Amino acid sequence: MADPRFFDRAGPYSLAALAELSGARLLDPRDGERRFDDVAPLEIAGPGDVTFLDNRKYVDAFSRSRAGAAFVDERAVDKAPAGMALLIAPDPYKGFARAAQAFYPDRAAAPRRAASAIIDPTASVPSDCDIGAHVVIEAGVRLGARCRIGPNTVIGAGAELGEDCLVGANVTLSHCIIGARVVLHPGVRIGQPGFGFAPDPQGPVKIPQLGRVIIGDDSDIGANTTIDRGSGHDTVVGPGTMIDNLVQIGHNVVLGRGCILAGQAGISGSTKLGDYVMVGGQVGMAGHLRIGNGARIAATSGVMRDVEAGSTVCGSPAVPIALFMKQVAILQRLAKKKDGR
Amino acid sequence: MADPRFFDRAGPYSLAALAELSGARLLDPRDGERRFDDVAPLEIAGPGDVTFLDNRKYVDAFSRSRAGAAFVDERAVDKAPAGMALLIAPDPYKGFARAAQAFYPDRAAAPRRAASAIIDPTASVPSDCDIGAHVVIEAGVRLGARCRIGPNTVIGAGAELGEDCLVGANVTLSHCIIGARVVLHPGVRIGQPGFGFAPDPQGPVKIPQLGRVIIGDDSDIGANTTIDRGSGHDTVVGPGTMIDNLVQIGHNVVLGRGCILAGQAGISGSTKLGDYVMVGGQVGMAGHLRIGNGARIAATSGVMRDVEAGSTVCGSPAVPIALFMKQVAILQRLAKKKDGR
Amino acid sequence: MADPRFFDRAGPYSLAALAELSGARLLDPRDGERRFDDVAPLEIAGPGDVTFLDNRKYVDAFSRSRAGAAFVDERAVDKAPAGMALLIAPDPYKGFARAAQAFYPDRAAAPRRAASAIIDPTASVPSDCDIGAHVVIEAGVRLGARCRIGPNTVIGAGAELGEDCLVGANVTLSHCIIGARVVLHPGVRIGQPGFGFAPDPQGPVKIPQLGRVIIGDDSDIGANTTIDRGSGHDTVVGPGTMIDNLVQIGHNVVLGRGCILAGQAGISGSTKLGDYVMVGGQVGMAGHLRIGNGARIAATSGVMRDVEAGSTVCGSPAVPIALFMKQVAILQRLAKKKDGR
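Protein chains in written order, with the working numbering: chain X, 1 to 341; chain B, 1 to 341; chain G, 1 to 341.
Just so you know, the hints here were simulated from the structure itself, not pulled from any lab data.
It should be emphasised that the depicted structure is a prediction, and the values quoted were computed from it without experimental measurement.
Treat the hints loosely; a few may be bogus.
No copy labels: a pair is met if it fits in one copy or bridges any two.
What the hints assert, rightly or not - List time: in silico DSSO-like cross-link candidates among lysine-lysine, alpha-carbon distance up to 30 Å: (1) Lys79 x Lys272; (2) Lys79 x Lys57; (3) Lys206 x Lys57; (4) Lys57 x Lys272; (5) Lys337 x Lys326; (6) Lys79 x Lys206.
With the hints as constraints, model all of the structure from the sequences given.
Structure representation (structure tokens):
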């Protein structure tokens, strides 16, 4: 059970209700009336908890689990312990997500405006927003309805946020236009000037960075991630794109719709990703590249060239994954020969 | 045109004036009287805009551009569309930078001292400084004339900044001596103790970190970058050195003059870079190395040994770039053979 | 001598006293009465300073050093310049650390509660804590005795910290239970939701992140490092574990006791490290791995598989270090052959 100091639980729910809201199918419809109090991971779930099995690594733990019910796919049915009610879903993790959302709905924030917040009189801040302590909102800022702004966050002059944005503490925003329902975690930096200068014997000549950052609806930006504003064009994050912690997005980068960027990835200036691109952790990309729709870049790869839509690349410099695996195998075989020749 | 919510434009300027201030040469001197309103990238520039061509990848876009004028080098002259006035410069990007600076001069900040700033009475803060909301300036701090300090920034006891520094929001400074005209972007952390301890069965023994961070004039430090103070020696960033976002600089590191460090690079303790060293994104360097003047380290490289002045290295472990390219080629050739032998 | 603007020095101390507190042995017991004023690095130490030699790279500097005394191991005795008193220790760096702690003890903070701090009435904050300017402490937070909280730091509802914690400026904490004597450097983010969602054509479905972050006693977390809370299990950092700057710790990660993680390392969700694991800079680890006690991961490695206790791995994908060295050697030999075959 989640620590009540940090989380408020709803429920209980019947399995029938959970099946309905998650789109899962009850293996045994007679389980529909059973009521559950909570969600929990495999290893710690008890008879009143709903769990899930998603990763084959955990099949043994699943078979030993004391959970009363579980979201699983068809193939895992025969691994279930006796008495466990099964919710069959093609994507058990998604089914579990829906159930967990029901048990732990977002806390409804009471609108509040901290007395210590400094809000410029020309800023537009709807009365149903929640503005934390020591927040600074500069001239001309426009917030949408129901935005929640965490303590010590600074929103620079002219920035716009859509409805229902959730901005963490200690965030810095400037030169940006942000859509609705966007989540920005603590320490995010958006809109500072990009790394733009021309070398010169007298010292680098800085290029004024005259673009903005445009963030699409429903995006989610991780803690301490940095997104520089464009130099002339805008830097763009497409709707529904998920960016993890400590990611660097250079100026003029364009990320399409529904992209996923794992932690510590870095995208150099003016590179453009299509839609639904998946970027692994610590991936680095050179500047001015094109990455096609649905491409996948394996973790820690260094991408120096364009990547075709739908392809998977790996390595540094990144190559198609089949070629990468062959390179690895050859190198290991050579190294294992006695004299290495 | 840059979004007027975020940028204030000056001008218009005649091409003759732009040629003069940028050191460029008008291909056709008769264009000198033509007046321009703005700068813009190739793809969106119109007849009243000045643009530039710097990267051969964009020659086609250049040939189709509607821009009224462009900074180009000699070789691009015959690619220009009809009617475009040409400003010839050996480094078109630098010429454009000068023009853009003229159209978008830094906003002159009105001196201001936010009522919510907490400034220790022993700190020296000239009256022409701009001190943002909720700034904290501790005992003995000394700021130079015309410094601008963003909201929610904390300057720890005894720190010094030279004239005309620009410090973003949510920055933390301590144990540092910072030169003139230095720019620190949001979320920068300077002066915290480095990663220093001796392992011990009873738990690590921490070594007091007794040095400082010294930052030279005209340096620029990117968002969320961290620079630890020295352990006994100082950590030093030379004048005119440009550091991008999310870079880690360990204790006792010395960066020379005019170095360029791209995003997410990391330099381990006590490594010393000469002048004008270029470090690509996500490069990692071991500790206690010497990197000679003018060396170049390709992006994502892992540097385990000293690097000679003027050389270019690549890979992990990093080797001279010619050797790296050969290694890549061999591996690809082996992998493409049918049986991989 | 450390800059008195930033550091307060104690002493002087006799060598006998320094030998006693550090566990070192005086090579010449007659030196016991000599008194010293300070510690300093080899290159700048003078006759009144104590220094150390730890890294063989600096033997020449040691032989030329003007320091009056030095911590060294037995093997360095004959490299010492004439007249230098020698403190013999199996781990000279640790001996020096103890001496430096004596000369530069932690500043005893006067308990203080900044008027601008916003402390919820339901929070428990002992009167001997030092609470900086603009700190925000939300409902139900519990601080241990003598905690020091830096300016502009935000501690979210329900969080707990043990005694004698030292939290830097501009830190964000939530959903966490933190032990005693933990040090959190500026810009640390602890407790934000992890990167958890299930892909869906209608946009990613977020999984409520219902766990916490548990930090053991005596841990040390570097500037701008991010530690996500667990998704159901907790994210755990064991006691005495040292984490450098800009490190990413994903949800459900477990770090054992006494681990060392260098800068910019990243550990993906649900990976578990045993005790005393050493992780080099910029290492990336995939999710759901097991890393055995005492394993060592070389800098910049990409770890895709479990690592056995006590082993050392290197490369991307990481392999045992002997195999890695062979791979490097083979590749270099092939590349140096005239035709590369």
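Homomeric proximity label, lysine 57 with lysine 272: Cα distance no greater than 30 Å = Between. Shortest inter-copy distance 14 Å satisfies the 30 Å Cα cut-off; intra-copy 35 Å does not.
How do lysine 79 and lysine 57 come out at 30 Å by Cα distance, when the copy is not named: within, between, both, or neither?
-> within (13 Å within a copy, 56 Å between copies)
Homomeric proximity label, lysine 79 with lysine 272: Cα distance no greater than 30 Å = between (44 Å within a copy, 25 Å between copies)
Evaluate lysine 206 and lysine 57 at a C-alpha cut-off of 30 Å and name the case that applies: within, between, both or neither.
-> Answer is between: at 22 Å across copies they meet the 30 Å cutoff, but 51 Å inside does not.
Could you place lysine 337 and lysine 326 in one of the four classes (within, between, both, neither) given a Cα distance threshold of 30 Å?
-> Cα proximity of lysine 337 and lysine 326: in one copy and across copies (17 Å, 10 Å).
Have a look at lysine 79 and lysine 206 and pick one of within, between, both or neither, based on CA distance no larger than 30 Å.
-> between (62 Å within a copy, 27 Å between copies)
Of the numbered hints stated above, none is contradicted by the structure.
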